[in-house]
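Turn these sequences into a full structure, and let the hints guide you.
Protein chains: 2
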Amino acid sequence: MNKRSLAVLLRARMRPNNSTKLAFSPLPNRSGARAMQPSSDNANKPQKDFEHVRDSMHSAISMNKTEVIDTVLNDFSEGYFSLCYENRRRLLLVLAKEYDLNRTQVCELIKQYLGVLGEEAQSAGHEEDGVLGSFYRIERNLRHALKPMYEGLFERLNMHPGGLKVLTSLRADILSILAEENIASLRALDSYLKEKLGTWLSPAALELHQITWDDPASLLEKIVAYEAVHPISNLLDLKRRLGVGRRCFGYLHAAIPGEPLIFIEVALLKNVAQTIQEVLWDDPPIPECEATCALFYSISSTQRGLAGINLGKFLIKRVITLVKRDMPHISTFATISPIPGFIQWLLSKLASQSKLAEVNDISQSSADRSGSAFRENILEPEEEKALMDLSEEFVAGKNGMERMLNLLTSKNHEWSNSAPLLSILKTPLLRLCARYLLQEKKRGKALDSVANFHLQNGAMIERINWMADRSENGLHQSAGIMVNYAYR
Amino acid sequence: MNKRSLAVLLRARMRPNNSTKLAFSPLPNRSGARAMQPSSDNANKPQKDFEHVRDSMHSAISMNKTEVIDTVLNDFSEGYFSLCYENRRRLLLVLAKEYDLNRTQVCELIKQYLGVLGEEAQSAGHEEDGVLGSFYRIERNLRHALKPMYEGLFERLNMHPGGLKVLTSLRADILSILAEENIASLRALDSYLKEKLGTWLSPAALELHQITWDDPASLLEKIVAYEAVHPISNLLDLKRRLGVGRRCFGYLHAAIPGEPLIFIEVALLKNVAQTIQEVLWDDPPIPECEATCALFYSISSTQRGLAGINLGKFLIKRVITLVKRDMPHISTFATISPIPGFIQWLLSKLASQSKLAEVNDISQSSADRSGSAFRENILEPEEEKALMDLSEEFVAGKNGMERMLNLLTSKNHEWSNSAPLLSILKTPLLRLCARYLLQEKKRGKALDSVANFHLQNGAMIERINWMADRSENGLHQSAGIMVNYAYR
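Protein sequences appear in the order of chains A and B.
Sequential numbering from 1 applies to the first sequence in our numbering.
Sequential numbering from 1001 applies to the second sequence in our numbering.
These aren't lab readings, by the way, just hints derived from the structure by calculation.
The beta-carbon is built from N, C-alpha and C at its ideal position, and this holds for glycine as well.
There could be a bad hint or two in this list.
[Unchecked claim] Below, simulated EDC-like cross-link-like pairs (lysine to aspartate or glutamate); rule was C-alpha separation at most 16 Å, straight line:
1. A:K196 / B:E1195
2. A:K111 / B:E1108
3. B:K1111 / A:E155
4. B:K1147 / A:E195
5. B:K1317 / A:D70
6. B:K1196 / A:E195
7. A:K196 / B:E1155
8. A:K313 / B:D1070
9. A:K147 / B:E1195
10. B:K1313 / A:D70
11. A:K317 / B:D1070
12. A:K196 / A:E151
13. B:K1196 / A:E155
[Unchecked claim] Pairwise CB distance ranges, derived in the manner of DEER restraints:
14. B:P1046 / A:P287: 48 to 56 Å
15. A:E119 / B:S1062: 27 to 35 Å
16. B:S1331 / A:S218: 29 to 37 Å
17. B:T1212 / A:G130: 35 to 43 Å
18. A:R325 / B:L1114: 51 to 59 Å
19. B:R1137 / A:A217: 43 to 51 Å
20. A:R375 / B:G1115: 41 to 49 Å
21. B:N1044 / A:P161: 53 to 61 Å
Take a look at the structure:
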């Protein structure tokens, strides 16, 4: 290959454009090939396929331990991936409802337990060891009785080569279904499977791997495909992300070879970057030995089916330990992170508050303005004034909040190209962003998903940066603001 | 190093002679070093050490999630390994008893459950989804309430670097204590920890590694130290075990690097070996390409704390798959295995039956001999006759069984050097050995531990081999008989 063609190849677009909601088969899809053969009863085929997979699922759950189960599990996995969305849904509901736990057995054990409790009360301390022994026995049995039958399928798949990958695909499908309909039995199954996956993917079982340009193309391809924060456009871009001044680390699991479950990208810098542009350079700004800061600028998960299982926390912890050991001159560990939920939260706040303000203005005297319990002073008086002083040519709106709302939703983020608008918006947006990150909670968790992730990991909010990400996406989700979380 | 010194080094004895019942510290024992310093209150030191470790254990269990827990876990681990046996025992009992589950909470949930059951009976099918939702919720809560508090310590240690190794050492100590005293709470803790370890060490999380002479000495040293079946005497012996005509495979876990949890040794042969001597050659008898049989001649576990967790089954399965792929000319997979419990079982059988026979002979007429329900004809009439025909110089005894007993327990296994005795004993010993392997069960499991292992794995008894292991140990445990289990 000549230099020219290589350059073209390196620049070719690599991100796949898949938007199907079905999890992909990790296995060669032999069933799919079979479906191409002419058949006299094509109309019944989906139903027959469904029944076949349901039968192999049943065998996989109920087969005796010593029987050879590998064929059955392969059958089930291949069959499952050949099913259409509707049949996968049916199958998962069968699994959730018909392979639930044995409630009669649970009740039986509960009665035994209450019986022992009664004995204990009567014996009042005598024979304590005997009573305790009964407790231990029944509690153990109760633990087992509370395991749904479908655990058998999960356990066996997990032990089966390729099975862990099948389970994550299964869960990805379950999450798709639950996003559309709330089915109690399926939600219970999902919560059970999630806990199981969390146990199997315990950080101790994961191998930290530094991803470099020397890794197999099949692995690097995954990095390009799954980079969720700052898309990698081509191989040349990827090569830079893995080159001098940068690091990339992934967690590999023995059962899912050649595919990191999660990976993190690190830039070695003089200081904590305040904009994403400082990080996405083509040539390293300083020699690595002068770096004092390791900046995490992207963390991406590759398995939709592992949603809610926090692998990132341990990945960050281990990367920090590793970098500290290998580069003692680096003492600062921080992120430059997006704030994905800020504008969505702000717009809804502005909309509701500007409506409340309007109602108040009409129905009440200004002295009584604070009367409404839900009314909030989102803008400071001088900010309100600056916005209302703007000419109607720029923006319409009966109050500052409505005007802010209109500016932020203007076409192509025009406000971000106007120096006067930027100077008016900067202070209120930064203040409201700080409030959003620090104070807005839902069930005790930070409302912003990325903030919640880092704060739960023990990081702190270090700095909020104005115009840190001027990309379309950055302006859209957080008015271009980014945040540094610091890890100690 | 000259050739001579190298030869000496390679032949030096390597097996350690440790017989302490304490699990070893996997960490540098800093506390031990501290203990060497002069101190004014040496008498109270063990008590203070105990209290310190108990406190760090308490912190490790009860600390808030986001707090930095690594220091506490390191503290606990180091502290634990610095404790004497008695204090470890005290600590483990504190853990088992004071960090058990919350029975009040379990009772509360049980009452809720019974309440929902009542509702369900009343509603008779209406509102089914609502009732189901309640079941799912309470069952989930019940599952969590049934987790003892000490699970927190286990979970956190498992996620902590080096923690899995600490947990296996902890369990090794627990097993030592339970071997001496049966404590219900500690047994419950052990059964819980065993199940946890089994989940974390799921075969999917283990990496199959072919152990070769190119592996680090620190890993090879472990093979020498832990080979349980046919001791490796020195490095030269080890080099042969890893050389041409042989294979060695181990299961590695990411959290216990450089130390296989279990390993298996394989010899590549023309036919299934009938004696262990055919396997322990110095030079390969055939070129590898002529082999048609992979013979598993040794499988050893390195972690006493993983007793009862069947990693071997999956190791054998994966090795078979691997060998089949790499060497398609190999189609037979079998073991040559010891029968560790045979002679112990046989001697007790012979003793009880010869006593029963004696009593019968005195009290009853010979026609009524079959009257005793426990009486068994262990020997065939011609075997009985051959034994009774032996001169009293050779062996004493009032009946064949007593004579057999006396022969088998004779000093230095003299019977094994006498051609006439060998020919008399061969038939009854082989027949009784077959019976022992195939028919003697305890709770549905084969009485012999090795037989139980292979039969549970799905293997079959292929052949019983006379004088297959003439070593002191072989004669002692199974009268020199070995067995081939065949894997399909």
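| said: Taking the Cβ atom of E119 (chain A) and the Cβ atom of S1062 (chain B), is their distance within the range 27 to 35 Å? | reply: holds, 31 Å
So if I understand the rule, the pair passes when the alpha-carbon distance is 16 Å or less; does K111 (chain A) with E1108 (chain B) pass? Answer holds: K111 (chain A) to E1108 (chain B) is near 14 Å, not above 16 Å.
Regarding the pair K1313 (chain B) and D70 (chain A), is the alpha-carbon distance no greater than 16 Å?
-> Between K1313 (chain B) and D70 (chain A) the Cα gap is close to 14 Å, so the pair holds against 16 Å.
>> Verify the CB-CB distance for R1137 (chain B) and A217 (chain A) against the hinted window 43 to 51 Å.
In response: With a Cβ separation near 48 Å, R1137 (chain B) and A217 (chain A) satisfy 43 to 51 Å, so the hint holds.
Could one say that the CB atoms of R375 (chain A) and G1115 (chain B) fall in the range 41 to 49 Å? Holds - the Cβ-Cβ distance for R375 (chain A) and G1115 (chain B), about 43 Å, lies within 41 to 49 Å.
Return holds or violated for the Cβ distance of S1331 (chain B) and S218 (chain A) against the range 29 to 37 Å.
holds, 32 Å
For the hint 35 to 43 Å, verify it against the beta carbon of T1212 (chain B) and that of G130 (chain A). violated, 55 Å
- For the pair we were handed, K317 (chain A) and D1070 (chain B), check the Cα-Cα distance against 16 Å. It holds: about 11 Å lies between the C-alpha atoms, which stays within 16 Å.
Problem - Given pair status - E1195 (chain B), K147 (chain A), alpha carbons within 16 Å - result: Distance ~14 Å between K147 (chain A) and E1195 (chain B) Cα, so the pair holds.
**Asked** Regarding the pair K196 (chain A) and E1195 (chain B), is the alpha-carbon distance no greater than 16 Å?
**Response** holds, 13 Å
Just to be careful, I want the Cα atoms of K313 (chain A) and D1070 (chain B) compared with a cutoff of 16 Å; is the pair within it? Holds - the C-alpha atoms of D1070 (chain B) and K313 (chain A) are around 13 Å apart, at most 16 Å.
- prompt: Falls inside 53 to 61 Å, the C-beta gap from N1044 (chain B) to P161 (chain A)?
  reply: The hint (53 to 61 Å, Cβ to Cβ) holds, given that N1044 (chain B) and P161 (chain A) are roughly 56 Å apart.
Hints 3 and 17 from the earlier list are contradicted by this structure; the remaining hints agree with it.
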